[in-house]
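2 protein chains.
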Amino acid sequence: MNNGKDSAVRVSVGLGERAYDILIGPDLMPRVGAEIAARLPGTRAAVVTDENVAAAHLAALEESLRDADVECATIRLPPGERSKSFDALQETVDAVLAARLERRDTIVALGGGVVGDLAGFVAGIVRRGMNFVQVPTSLLAQVDSSVGGKTGINTSRGKNLVGVFHQPKLVLADTSVLDTLPLREFRAGYAEVVKYGLIDRPDFFAWLEGNWQQVFAGGEARVEAIAQSCRAKAEIVERDEHESGERALLNLGHTFGHALEAATGYDGARLVHGEGVAIGMVLVHRFSARLNLASPDDAIRVEAHLREIGLPTRPEHIPGDLPDAETLLAYIAQDKKVMRGALTFILTRGIGHSFVARDVPSSEVLSFLKESLRP
Amino acid sequence: MNNGKDSAVRVSVGLGERAYDILIGPDLMPRVGAEIAARLPGTRAAVVTDENVAAAHLAALEESLRDADVECATIRLPPGERSKSFDALQETVDAVLAARLERRDTIVALGGGVVGDLAGFVAGIVRRGMNFVQVPTSLLAQVDSSVGGKTGINTSRGKNLVGVFHQPKLVLADTSVLDTLPLREFRAGYAEVVKYGLIDRPDFFAWLEGNWQQVFAGGEARVEAIAQSCRAKAEIVERDEHESGERALLNLGHTFGHALEAATGYDGARLVHGEGVAIGMVLVHRFSARLNLASPDDAIRVEAHLREIGLPTRPEHIPGDLPDAETLLAYIAQDKKVMRGALTFILTRGIGHSFVARDVPSSEVLSFLKESLRP
Numbered sequence: 001m002n003n004g005k006d007s008a009v010r011v012s013v014g015l016g017e018r019a020y021d022i023l024i025g026p027d028l029m030p031r032v033g034a035e036i037a038a039r040l041p042g043t044r045a046a047v048v049t050d051e052n053v054a055a056a057h058l059a060a061l062e063e064s065l066r067d068a069d070v071e072c073a074t075i076r077l078p079p080g081e082r083s084k085s086f087d088a089l090q091e092t093v094d095a096v097l098a099a100r101l102e103r104r105d106t107i108v109a110l111g112g113g114v115v116g117d118l119a120g121f122v123a124g125i126v127r128r129g130m131n132f133v134q135v136p137t138s139l140l141a142q143v144d145s146s147v148g149g150k151t152g153i154n155t156s157r158g159k160n161l162v163g164v165f166h167q168p169k170l171v172l173a174d175t176s177v178l179d180t181l182p183l184r185e186f187r188a189g190y191a192e193v194v195k196y197g198l199i200d201r202p203d204f205f206a207w208l209e210g211n212w213q214q215v216f217a218g219g220e221a222r223v224e225a226i227a228q229s230c231r232a233k234a235e236i237v238e239r240d241e242h243e244s245g246e247r248a249l250l251n252l253g254h255t256f257g258h259a260l261e262a263a264t265g266y267d268g269a270r271l272v273h274g275e276g277v278a279i280g281m282v283l284v285h286r287f288s289a290r291l292n293l294a295s296p297d298d299a300i301r302v303e304a305h306l307r308e309i310g311l312p313t314r315p316e317h318i319p320g321d322l323p324d325a326e327t328l329l330a331y332i333a334q335d336k337k338v339m340r341g342a343l344t345f346i347l348t349r350g351i352g353h354s355f356v357a358r359d360v361p362s363s364e365v366l367s368f369l370k371e372s373l374r375p
Numbered sequence: 001m002n003n004g005k006d007s008a009v010r011v012s013v014g015l016g017e018r019a020y021d022i023l024i025g026p027d028l029m030p031r032v033g034a035e036i037a038a039r040l041p042g043t044r045a046a047v048v049t050d051e052n053v054a055a056a057h058l059a060a061l062e063e064s065l066r067d068a069d070v071e072c073a074t075i076r077l078p079p080g081e082r083s084k085s086f087d088a089l090q091e092t093v094d095a096v097l098a099a100r101l102e103r104r105d106t107i108v109a110l111g112g113g114v115v116g117d118l119a120g121f122v123a124g125i126v127r128r129g130m131n132f133v134q135v136p137t138s139l140l141a142q143v144d145s146s147v148g149g150k151t152g153i154n155t156s157r158g159k160n161l162v163g164v165f166h167q168p169k170l171v172l173a174d175t176s177v178l179d180t181l182p183l184r185e186f187r188a189g190y191a192e193v194v195k196y197g198l199i200d201r202p203d204f205f206a207w208l209e210g211n212w213q214q215v216f217a218g219g220e221a222r223v224e225a226i227a228q229s230c231r232a233k234a235e236i237v238e239r240d241e242h243e244s245g246e247r248a249l250l251n252l253g254h255t256f257g258h259a260l261e262a263a264t265g266y267d268g269a270r271l272v273h274g275e276g277v278a279i280g281m282v283l284v285h286r287f288s289a290r291l292n293l294a295s296p297d298d299a300i301r302v303e304a305h306l307r308e309i310g311l312p313t314r315p316e317h318i319p320g321d322l323p324d325a326e327t328l329l330a331y332i333a334q335d336k337k338v339m340r341g342a343l344t345f346i347l348t349r350g351i352g353h354s355f356v357a358r359d360v361p362s363s364e365v366l367s368f369l370k371e372s373l374r375p
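Those protein sequences? They're chains A and B, same order as listed.
Each residue of the first sequence is one higher than the one before, starting from 1 at the first, in our numbering.
Each residue of the second sequence is one higher than the one before, starting from 1 at the first, in our numbering.
Treat the hints loosely; a few may be bogus.
[Claimed, not checked] Across the chosen pairs, the derived CB separations fall in these ranges:
{"hint": "1", "chain 1": "B", "residue 1": "E91", "chain 2": "A", "residue 2": "G219", "range": "48 to 54 angstroms"}
{"hint": "2", "chain 1": "B", "residue 1": "D267", "chain 2": "A", "residue 2": "R184", "range": "52 to 58 angstroms"}
{"hint": "3", "chain 1": "B", "residue 1": "R10", "chain 2": "A", "residue 2": "A206", "range": "41 to 47 angstroms"}
{"hint": "4", "chain 1": "B", "residue 1": "D267", "chain 2": "A", "residue 2": "A73", "range": "30 to 36 angstroms"}
[What the hints assert, rightly or not] Here are the simulated lysine-lysine pairs, DSBU-like style, with alpha carbons at most 30 angstroms apart:
{"hint": "5", "chain 1": "A", "residue 1": "K169", "chain 2": "A", "residue 2": "K159"}
{"hint": "6", "chain 1": "B", "residue 1": "K370", "chain 2": "A", "residue 2": "K169"}
{"hint": "7", "chain 1": "B", "residue 1": "K169", "chain 2": "A", "residue 2": "K159"}
{"hint": "8", "chain 1": "B", "residue 1": "K169", "chain 2": "B", "residue 2": "K159"}
{"hint": "9", "chain 1": "B", "residue 1": "K159", "chain 2": "A", "residue 2": "K169"}
{"hint": "10", "chain 1": "B", "residue 1": "K370", "chain 2": "B", "residue 2": "K169"}
{"hint": "11", "chain 1": "A", "residue 1": "K370", "chain 2": "A", "residue 2": "K169"}
If you are wondering where the hints come from, they were derived from the structure by calculation, not from laboratory data.
Given the structure is predicted, the values throughout are model-derived calculations rather than measurements.
Where a beta carbon is used, it is the ideal one built from N, C-alpha and C, also for glycine.
When you get a sec, could you build the whole thing from the sequences and use the hints?
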């Protein structure tokens, strides 16, 4: 049962009575059942997944649960962002209730960010809170969305506007499953890895510049990059679980990124989330340089690294037409991180020195956007 | 602004960073705006209410918010339990988002338990948690549902199966508004007041036996009964906020009561919640006597008091036919308080000495129900 235990890295998220472990390593899927049974004795489970992930990984997960005598039901969602909806929420809640699961039973999210966000929300509201375990299968989910307890769905008025904070009891990041990801999706997840370096870990960013090929190739460097990302996120979440302040740093690059996603109508063929974040991070470094907060060299260095791994770094890299700067600003002002009508941005004083800037004048943002949209 | 401040009783719910005050007294409605503005400076508000309550109290509440410069939107629901649904949840969430409220803004629930449970759930999930203030207008809501942070909706699989714990920032219980309640509804709420005496306050129960007429009449005795109830509930919630143990005591009478409500198809013309609780509390005392846990005299005394104020106390007091004992047991076993398949009941060793009994044999419950259903 403990085969390979030593090859996994453990990152602890210190949240008092809500503390939990993140286990990161290759070939963890066969251990999921035993790790759940050890932490939640007697629990039953409902695995929430999507049809694509199910085809690749569900059998292994179910076998692992069976081996550990964890009784389980399975709930399959259509793949894609549309499953983060009120309708999918209601259907999944009903399926969990139909399986007669109780408060001490466990929702297991097997999939990427969409599955994790929806399943976590379901776990947060059925019987006012069930146990929750994340088995993220995308790089984005392993380094970002599966850690920290944010769950939620989209509405016609915006993404992630409805949800709860509901921490998992355990996150199991099997780094081998990432080998089956399309390269574009791996790259998009890698943008969030880079983000942690840019927020407050300049040495990590430098390490990534030198080791990104090995991260893409798999093996120890990949485990290390994911573990470092989870540690970085855990430290911020520990200090500000419910995003009353510092946690907003995790949105580095996201305000511009979300506006670009909205501007493309969330058309994944044109732009996926991590690509929006990549462009957004470059824009933030360039905007910060324009405000004389950071050296233009930092923006150049960030852009060079992201471009090297094959991510888009400029709005003009997005295929198709974009709306004008005024429209983009309107998307930014609708963003939920806008507090009391003032524009809040994560800006930077240089690589690894980002900070939360409140009251950024929208006129500055607008003229910067106008410049940035020039081809 | 502080007119009448001294006439209100303050009960504090000590939940650390989630601590809040309950203010109880006559003519509090004009103070709501000032009390909110003092605690949540700069907040905007959305008042969630139902059409009946709006007709009676909305104008006063809106005036109070206006006087305190609290900008507000109003969201009206159809009256009745049907508003505790996924559809109403989605509509209310959308109305809050349409009003462009942010995380620091406030949902104000103006109404009874249905409005409070739905509005609290909305406040708990929009932007992953907004501020929440309860202005309960029924006795039931003032002494029970507005305190303690339980929120939620019903599904076709049962009541209150979906929701979150989301504590309010403030509860304002204006005892004058209860004068407009139909007597039957006041009585039903009074059953929950009696419950606190039966759980762990024998002196309070004795006081109610002697003073119930004044509680019904209004004035100081009513304020005292509501304050005492809130104190009793607050003490239990402080010790077990998320119902992992002792908080289950608040379900005294509810397991039988819920089964009877389900058996009548939740037809309020036949049985409302508090009436089910009244019958349930008598059944619990009789069941406990049958198990030789308590004296039969206690059951007689509890029944005498509830009957004196005009509440039903036996299943046969419910108009129309009831299903047989086996069916009632099946409703009990579906109850969400059933853990791991064992029947959990709140039983009693006598008035004011109730306790959580796990593993109550269902055979004992069944034969007791068979006896109790005999006319």
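For which of the previously enumerated hints does the structure constitute a violation, in increasing order of number? 3, 6, 10 and 11
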